[in-house]
Amino acid sequence: MIELEGLTKRYGEKVAVNHLTFSVRPGIVTGFLGPNGAGKSTTMRMMLGLDRPTAGDVRIDGQHYDRLKDPLKYIGALLDAKAMHGGRSAFNHLLCLAQSNGIPSSRVHEVLDTVGLTSVAKKKAKGFSLGMGQRLGIAGALLGDPRILMFDEPVNGLDPEGIHWIRNLMKALAAEGRTVFVSSHLMSEMALTADHLVVIGQGRLLADTSMADFIEQNSRSYVRIRSPQRERLLDVLHSAGITVVQAGAETLEVDGGKAERIGELAAQHHLVLHELSPQQASLEEAFMQLTAESVEYHAHSGGAPSPAGAPAAPSPAPAPGQWGDGWKEGRS
Amino acid sequence: MSTPQQPPTQTPVPQAVPDWQAAPGPSYTAAYTSPIPVTRTHLGHALASEWTKIKSVRSTIWTLGVFLVLVVGIGLLVAAQTTNEDFGNVPYTIPAFFGLVLGQICLITLGVLVISSEYGTGMIRTTFTASPQRHRVLAAKLIIFFAVAFVVSAFAIGFVGLVTESMHGSGEGTAWGGSVVKGALYVSLLGVLALAVGSMLRHSAGAITAMLGLVLVPAILPAFLLMSESLRTIGEKMLDYNAPNALAKIFGLDEGNGSGGGAQLGLLAGVTAAAIAGAFVLLDRRDV
Ligand SMILES: Nc1ncnc2c1ncn2[C@@H]1O[C@H](COP(=O)(O)OP(=O)(O)O)[C@@H](O)[C@H]1O
Ligand SMILES: [Mg+2]
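Quick note, the sequences are listed as chains A and B, same order. Just so we're aligned, residue 73 is where the first sequence starts under the numbering used here, counting upward by one. Just so we're aligned, residue 1136 is where the second sequence starts under the numbering used here, counting upward by one.
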């Protein structure tokens, strides 16, 4: 269990992480989602005691990271695949980490085997491809057989095989009862791996929800219809008790998956349809909307602080008010 | 583009997993327990780790290799050029002095690299994630580096002394053990100072340049300072305390006995202690 409380980080004027409060539970994969520059890496560095928070607190099972007496057995982290001395062999890289935590060197062989690097154990890390570097980083994270694992954008730049391997590894680790915390800027990636979702934008918490809830609330399915006989079609659908939204000059949208029913109604009334297609709003769109709102919020509200532990999932966006609203607010 | 094939269920596979989900409150029941025994980490672990680090990179082999070649190589050349009479009242280790003046740059370089290469490569984040007690890591680096530098330089000086004595020994030479210890101590402390500077500057080239300035400027500047009446005393102090001159005193090159250089060694120890203190303070304060 990792608990963040009002975690804040400023770099000069820039607020990289803004009053984050959430917790990461064991036994599931928690996805940490946000566009580039949202503050994911900064948050993770603070969790690991690498960066000092400007305000707020992070606790690992109730303790500060630097008070852990055997950190590698608590947390394994992969922040950056290149965070190693390229001149050192894979084996020696892992050995010096193991020794610093009193982990037997036999464990080094085990994790090398787990990530499939045994054959290049004596090779220098600088000759490794990105995927191999990533595997070596993960081997380091697994060294202490930790109960918490943290990965920062682990699939970035990997080939499909590597991506597949990492996804399965994370799921397997969580299924063993471990806490898995993984960041990404891609909703599609999270949808495949995460059970729980924490979304941030511009350092603020935007959503803290289960993946299932997020999908349910955000993946609206609807039917798109185009017809030259739009008025008559509207009447027909209306009398059939189907709610229609006019989405454009010629386009209508109907919520839910009623394509067959609509097609049959149109046929009965000899109406011409140019399009009748079931649509699914993608999670990526939902995510972009969510984070775009945070950007807009900033742009319009002149830095009025948002309530801590911000709204859940599709936050009721502050109506994109008139230009100058924030300016007025700021003065009053 | 991959679309979600199936919405992941909120409840993960619960087979053989304790009821962690039933207790989301602040009850820190270990969800996963590792078979690896828990050990309370201490300085010994950090020392073992730093020992593995220092011996598993090329830069160590290179810097120490060049150091040995310089001290022993130049030392033996000098020894071959001298006669028995030259060692009337000076230690047999004198030939090592000439190589040490150059060789100290190798130890400075290694001292800086021991820490700045970790910042340069990003390894430092991995290191501090594994050992969040930063002061312990720095202490281990200082101890391991000092031990390596001292043993290697004492060996080099001692070896030159032995060979020289066997070539020019007349039975009643001066005792030279002290010059081995003091000479090795001086160059090793310079390396430790370089490590502390490297820790504060976090940048290899910058720290090596700063250290070269510290060693060379006081050796060159006095030539100019002595020309000015008002700066004369500063110039004289620099002349007396600069690194090459300190080594010369340790090896009895100026007064003709191998026991000088105590004040110079003291000054270097003081400066090094101050730099180490600064490095520890900054290490704790700054983000990695
Ligand atoms: N060391 C730093 N100094 C100054 N600004 C930083 C530093 N680290 C991160 N930032 C800024 O903080 C913001 C968050 O960065 P980061 O945590 O890397 O985001 P993410 O990982 O979500 O892409 C960015 O605007 C970035 O420019
Ligand atoms: Mg990042």
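Read the hints as simulated data drawn from the structure, not as lab findings. There may be inaccurate statements among the hints.
Stated by the list, open to error - Below are the DSS-like pairs computed for lysine-lysine, each with C-alpha atoms no more than 30 angstroms apart in a straight line:
#1 A:K195 <-> B:K1372
#2 A:K154 <-> A:K141
#3 B:K1372 <-> A:K141
#4 A:K154 <-> A:K196
#5 A:K195 <-> A:K154
#6 A:K196 <-> A:K86
#7 B:K1372 <-> A:K196
#8 B:K1190 <-> A:K154
#9 B:K1190 <-> A:K194
#10 B:K1372 <-> A:K198
#11 A:K198 <-> A:K154
#12 A:K195 <-> A:K86
#13 A:K194 <-> A:K154
#14 A:K243 <-> A:K141
The structure presented is a predicted model; accordingly, all values stated were derived computationally and were not measured.
Each hint, compared with the structure:
no.: 1; hint: A:K195 <-> B:K1372; verdict: violated (51 angstroms)
no.: 2; hint: A:K154 <-> A:K141; verdict: holds (26 angstroms)
no.: 3; hint: B:K1372 <-> A:K141; verdict: violated (49 angstroms)
no.: 4; hint: A:K154 <-> A:K196; verdict: holds (13 angstroms)
no.: 5; hint: A:K195 <-> A:K154; verdict: holds (15 angstroms)
no.: 6; hint: A:K196 <-> A:K86; verdict: violated (38 angstroms)
no.: 7; hint: B:K1372 <-> A:K196; verdict: violated (48 angstroms)
no.: 8; hint: B:K1190 <-> A:K154; verdict: holds (21 angstroms)
no.: 9; hint: B:K1190 <-> A:K194; verdict: holds (14 angstroms)
no.: 10; hint: B:K1372 <-> A:K198; verdict: violated (47 angstroms)
no.: 11; hint: A:K198 <-> A:K154; verdict: holds (9 angstroms)
no.: 12; hint: A:K195 <-> A:K86; verdict: violated (41 angstroms)
no.: 13; hint: A:K194 <-> A:K154; verdict: holds (18 angstroms)
no.: 14; hint: A:K243 <-> A:K141; verdict: holds (27 angstroms)
Of the numbered hints listed earlier, those contradicted by the structure are 1, 3, 6, 7, 10 and 12.
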